[in-house]
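> So you can see what is in the structure, the chains are spelled out below.
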Amino acid sequence: MSLKNSIEAILFVASRPLTIKQLAGILETEETEVSDAVDALLSEYNVRQGGVQILRHGKELQFVTAAECGAVVQTFLKAETSGELTRPALETLSIIAYRGPIMKSDLEKIRGVNCSLILRNLMMRGLVIAEEDKRRLVTYYAVSSDFVRHLGLTSIQDLPEYISLHNPEVVERLLAEDNEQQPANEAAEHVT
Amino acid sequence: MSLKNSIEAILFVASRPLTIKQLAGILETEETEVSDAVDALLSEYNVRQGGVQILRHGKELQFVTAAECGAVVQTFLKAETSGELTRPALETLSIIAYRGPIMKSDLEKIRGVNCSLILRNLMMRGLVIAEEDKRRLVTYYAVSSDFVRHLGLTSIQDLPEYISLHNPEVVERLLAEDNEQQPANEAAEHVT
Amino acid sequence: MYKFKLERFEGPLDLLLQLIEHNELTITDVSLASVTEQYLEYLDKNSDLRPEELADFLVVAARLLLLKSRVLLPQLFIEDEEAEAGVDLTSQLVLYRLYVAAGMKLYKQYRSPLTCFARERAPRSTVISFSPPPSLAVDHLGNIFAVIIAELESFVRPAPELISRTISLQERIRAMRTLISSAHQLDFRQILADAKTRVEVIVSFLALLELVKQRHVLVTQDKDTDIILITHYEESYVTQE
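Chains as they are written, first to last, in my numbering: chain A, 1 to 192; chain B, 1 to 192; chain C, 1 to 241.
By construction, these hints were calculated from the structure, which means they are not laboratory data. One or more hints might be untrue.
DSSO-like cross-link-like pairs, simulated, lysine-lysine; straight-line CA separation at most 27 Å [said to hold, decoys possible]: (1) 104/A x 78/B; (2) 59/A x 4/A; (3) 223/C x 109/B; (4) 4/A x 4/B; (5) 108/C x 78/B; (6) 104/B x 223/C; (7) 109/A x 134/B; (8) 78/B x 105/C; (9) 78/B x 134/A; (10) 109/A x 104/B.
Chain A extracted, bound-state conformation (with noise of 0.2 Å):
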């Protein structure tokens, strides 16, 4: 494992700049060696003139998107964000305003996929919030209030049908059974 290559990967996955000596305490070598790799290693990048770059600025190092792709790179974080939903989308959005505070591994069993990155993209949209329940160490899902406001009510509960959507029969007994098997989760994958 070179240490050009563990500087690269560290800057790769650190959302902020790192400087030097941070990296050398992080990788419990020498600065000296690690000014070395990482002079290396900018120069790679230069020659390569990529879509990605590293920026040096004083004695911070960070990766950025090379300036050219500027203005590409904005059209993208716009469309994640904006316009419709996806189909999966709609359905969490659907559980959450209809089951709300709702855990993220309840949401998983009533949609069966994991929903980590539509919740993510929920969020960043502002339709969705999360809360946390400090006692129990559980994040509750709900739609935010702006969204509540834009459906044009003045509470979630007067969504239509809300009453008999809310807690639906089968629902609740998939989320007992699930609970059951709980100490084991084993439990369920036995039977198959």
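Take the given structure of chain A and dock chains B and C to it, following the hints.
Coordinates of chains B and C only, in the frame set by chain A:
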């Protein structure tokens, strides 16, 4: 501004897997052109063998750190180690990883048990994804990009013994050889 | 006889594989036939298996019995029937074992620190700005949720058909054993009379063959009427050997 650089920049900021179709949509370019540019990009990263690589799984592409840097990055991110897997989960994942995309019925033929529950469970955990072939009205199951990432691979085909465990004809031949070593046995006629 | 320690098995093939490995056998038709009794014994002792689980175990039980009878009475079976009945259990088990072994390696790789990490988006770059989907109407949400609920219905409710089928199959195997060991003489047609499916006919027939093999019963066929009669095997017959 090259298409290749734009793709690279978008994949970098996306921080989730994107398909060629999605990229083509964002870049307003033909899919074939995007596909060619992606191939060029992938081969560059392949040759370079740096700390950052591009994972390609099915139709999805995603920037990831190199597996060799896994330990360093994990410490830096204070990330948790990959979760536990039960035996049925492992068995199912192994078949899907090597033979996927695979239909449920074929999976059940190998495992000899109904796999509905375990598939649902693995999908909820984000380890397996379902893809519908709308023309043929069949659902295929494949492991997720996330699972490939956790294996430290940038392509599922890099799994050990992938060819022999993926290709049924070769597997069949192996079985025949296996049986030849056991003279008392009537040779296996065909692999189900 | 060594009592095979009964654990929870992941499925019928897992049970078979462990029986084979426990007896230090290689996977062949002959070795599978030889663990048939231990397999059935496990099923007998685990009456708490869920119907969904039991169905899978019973299907393999039927295939095992068929395979065993083929090993014992090869003249009764022609190639076509074997393929039709899907008795190639041996190949399936070899294939299954390949993936179980691969799974063990996969697990090591999955848990090893050699992991590729994706980039998490920087928290501060995720500025939340309210952007609702333009064409979402208020009753749309309810419709979508109603569809989800409808789909759950079929998933959560157990399939009654499967359960009844499983019970009948299990009962048949058990009934055959007790019936034959208690009755003095039986007409095989009686046993087949209320078999509803082809599988049940096969299972009945196989259970019978199994009992013949274990010298519980004697089977005779009348030349003129073709009636198959099942008689309890008398002690005296055994001592004559």
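> Please go over all the hints and tell whether each is borne out by the structure.
A quick look at each hint next to the structure:
A hinted pair counts as satisfied when its Cα atoms are at most 27 Å apart, and residue 104/A with residue 78/B qualifies at roughly 22 Å. With a C-alpha separation of about 17 Å, the suggested pairing of residue 59/A with residue 4/A holds against the 27 Å cut-off. Using a Cα cut-off of 27 Å, the hinted pair residue 223/C and residue 109/B is violated, with the two alpha carbons roughly 42 Å apart. Using a Cα cut-off of 27 Å, the hinted pair residue 4/A and residue 4/B holds, with the two alpha carbons roughly 24 Å apart.
A distance of roughly 21 Å separates the Cα atoms of residue 108/C and residue 78/B; the hinted pair therefore holds under the 27 Å criterion. For the hint linking residue 104/B to residue 223/C, the alpha-carbon distance of about 49 Å lies beyond 27 Å, and the restraint is violated. Restraint check for residue 109/A and residue 134/B: the C-alpha separation of about 24 Å stays at or below 27 Å, so the hint holds. Restraint check for residue 78/B and residue 105/C: the C-alpha separation of about 26 Å stays at or below 27 Å, so the hint holds.
Distance check on the hinted pair: residue 78/B and residue 134/A sit about 21 Å apart at the alpha-carbon level, within 27 Å; holds. For the suggested pair residue 109/A and residue 104/B, the alpha carbons sit about 20 Å apart, so the restraint of at most 27 Å is met.
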